[in-house]
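Please put together the full structure from these sequences, using the hints given.
Number of protein chains: 2
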Amino acid sequence: MTADTQIPRATAQRLPIYYYYLSSLHAAGIKRINSSEISEAIKFDAATVRRDFSYFGALGKRGFGYDVAALLNFFSKVLSQDKLNKVAVVGVGNLGQALMKYNFVHSNNIEIIMGFDSDPKKKTVQIKNEKDELLPVYAVDQLETELKKADVTIAILTVPERSAQQVTDQLVAAGVKGILNFSPIRITVPNSVRVQNVDLTTGMQTLIYFVDNFKNIKSAK
Amino acid sequence: MTADTQIPRATAQRLPIYYYYLSSLHAAGIKRINSSEISEAIKFDAATVRRDFSYFGALGKRGFGYDVAALLNFFSKVLSQDKLNKVAVVGVGNLGQALMKYNFVHSNNIEIIMGFDSDPKKKTVQIKNEKDELLPVYAVDQLETELKKADVTIAILTVPERSAQQVTDQLVAAGVKGILNFSPIRITVPNSVRVQNVDLTTGMQTLIYFVDNFKNIKSAK
Numbered sequence: 001m002t003a004d005t006q007i008p009r010a011t012a013q014r015l016p017i018y019y020y021y022l023s024s025l026h027a028a029g030i031k032r033i034n035s036s037e038i039s040e041a042i043k044f045d046a047a048t049v050r051r052d053f054s055y056f057g058a059l060g061k062r063g064f065g066y067d068v069a070a071l072l073n074f075f076s077k078v079l080s081q082d083k084l085n086k087v088a089v090v091g092v093g094n095l096g097q098a099l100m101k102y103n104f105v106h107s108n109n110i111e112i113i114m115g116f117d118s119d120p121k122k123k124t125v126q127i128k129n130e131k132d133e134l135l136p137v138y139a140v141d142q143l144e145t146e147l148k149k150a151d152v153t154i155a156i157l158t159v160p161e162r163s164a165q166q167v168t169d170q171l172v173a174a175g176v177k178g179i180l181n182f183s184p185i186r187i188t189v190p191n192s193v194r195v196q197n198v199d200l201t202t203g204m205q206t207l208i209y210f211v212d213n214f215k216n217i218k219s220a221k
Numbered sequence: 001m002t003a004d005t006q007i008p009r010a011t012a013q014r015l016p017i018y019y020y021y022l023s024s025l026h027a028a029g030i031k032r033i034n035s036s037e038i039s040e041a042i043k044f045d046a047a048t049v050r051r052d053f054s055y056f057g058a059l060g061k062r063g064f065g066y067d068v069a070a071l072l073n074f075f076s077k078v079l080s081q082d083k084l085n086k087v088a089v090v091g092v093g094n095l096g097q098a099l100m101k102y103n104f105v106h107s108n109n110i111e112i113i114m115g116f117d118s119d120p121k122k123k124t125v126q127i128k129n130e131k132d133e134l135l136p137v138y139a140v141d142q143l144e145t146e147l148k149k150a151d152v153t154i155a156i157l158t159v160p161e162r163s164a165q166q167v168t169d170q171l172v173a174a175g176v177k178g179i180l181n182f183s184p185i186r187i188t189v190p191n192s193v194r195v196q197n198v199d200l201t202t203g204m205q206t207l208i209y210f211v212d213n214f215k216n217i218k219s220a221k
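Order-wise, the sequence lines are chains A and B.
Going by full-length UniProt numbering, 72 is the number at position 72 of the first sequence; the sequence numbering is gapless.
Going by full-length UniProt numbering, 199 is the number at position 199 of the second sequence; the sequence numbering is gapless.
No wet-lab data here; the hints were simulated from the structure.
A portion of the hints provided could be inaccurate.
A pair counts as met if it fits within one copy or between any two copies, since identical chains are not told apart.
To be verified - SDA-like, lysine to any residue: derived pairs with alpha carbons at most 20 Å apart:
1. Lys149 x Glu37
2. Lys43 x Pro8
3. Lys77 x Arg62
4. Lys128 x Gly93
5. Lys43 x Val189
6. Lys43 x Ala12
7. Lys121 x Tyr138
In structure tokens, the structure reads:
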């Protein structure tokens, strides 16, 4: 993959899923795998897997498949698993607190280091991460200072809908480049900032819709 | 839309986002909206919005756009907002507890009514929902009995990776038809059961990948 290679967005979104699966295989001592086996485990069709891998120059050999360690090493580099990303949680309610304690599985590159909340009482909430370290919670008006001081470039947004856009603007001003957005609104950001939406209500409504109407949904396959 | 209409999966996944946005418009007293305005607010291109709406027979009028109340009423029916879906959370750790307290915004059709955990100590955890009602937490071996008794058909799965597939099999045996899966593995279910994955690690890794490589990603537009 050269710097000029254009990867479809859908392929990029499947990358961490491949990475996670390959990590499990590697941990289990499995040395090689073919696209059908990958397809069965992660529920994308084998043609999609082969096409995705080909974007990265990873070509399986007929009758042999892919070398797990080589693929894992490659995906690890693509996903910058060697670079630590410092993360802040903005909105330290029930969900925000749970996420501050959350163990991002098979991830060596994610560390949540602080929280922010508009409620000054949240400063005294004792939140420990997986390593039993106490994480500081600051007032939202300290956001720009603290994020810049700690060189935080990724934020998890768990504030209520009414303040989501305003807090987003503050995050952008503080130099944040990526936002994992749990708020139900679609936030507006400059072109230089990436947003990944995790909308729990939408996820649940989609599930219910699929349960009620699954005979009417065209399969992705 | 007739029973035979086939809707693409991507369109179905956008439905709750349209519904949520239309609810906000309606609450704000806005009576009509065109596809460009919808596009700007929810960040899908206008052609996608028009094509999606056309699957449901909703056709905007040139120079007028769509009638908000009529669309909302229609989407509400499509999304079964009049039918209450009872939901159980399986795995009452930090994330599971936060989800039991979570307010699914603009949703009249979702009610979390109980939790399950393999740790008997979790039975005494006091978890109240948004209405200040105490929710029971049962042992996992009571799963089949309690789910059937309460007619629960939707489950939120927040158990650790190692028990995810086993608990899934128990949920399927108990008659669950839809699973919102927060566990990092891809669970295997029969064809009659729907799964919606909410993989936080993947979401975060995808975000970081997009931040690091956004010049190489083809836009969805």
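Here's how the hints hold up against the structure:
In the homo-oligomer, the alpha carbons of Lys149 and Glu37 never lie at most 20 Å apart, since the shortest distance is 46 Å inside one protomer and 39 Å across protomers. Taking the shortest alpha-carbon separations for Lys43 and Pro8, both the intra-copy value of 19 Å and the inter-copy value of 17 Å come in at or below 20 Å. Proximity of Lys77 to Arg62 under the C-alpha cut-off of 20 Å is found in neither arrangement, the shortest distances being 25 Å within a copy and 50 Å between copies. Proximity of Lys128 and Gly93 under a CA criterion of 20 Å is satisfied in both settings, with 15 Å inside one chain copy and 14 Å between copies.
Within a single copy, Lys43 and Val189 get their C-alpha atoms only as close as 33 Å, which misses the 20 Å cut-off; across copies the closest is 11 Å, which meets it. In this assembly of identical chains, Lys43 and Ala12 lie within 20 Å of each other by CA distance both inside one copy and across copies; the values are 16 Å within and 19 Å between. In this homomeric assembly, Lys121 and Tyr138 come within 20 Å of each other (Cα to Cα) only inside a single copy, at 10 Å, whereas the closest approach across copies is 32 Å.
Violation of the numbered hints given earlier is confined to hints 1, 3; the remaining hints are satisfied by the structure.
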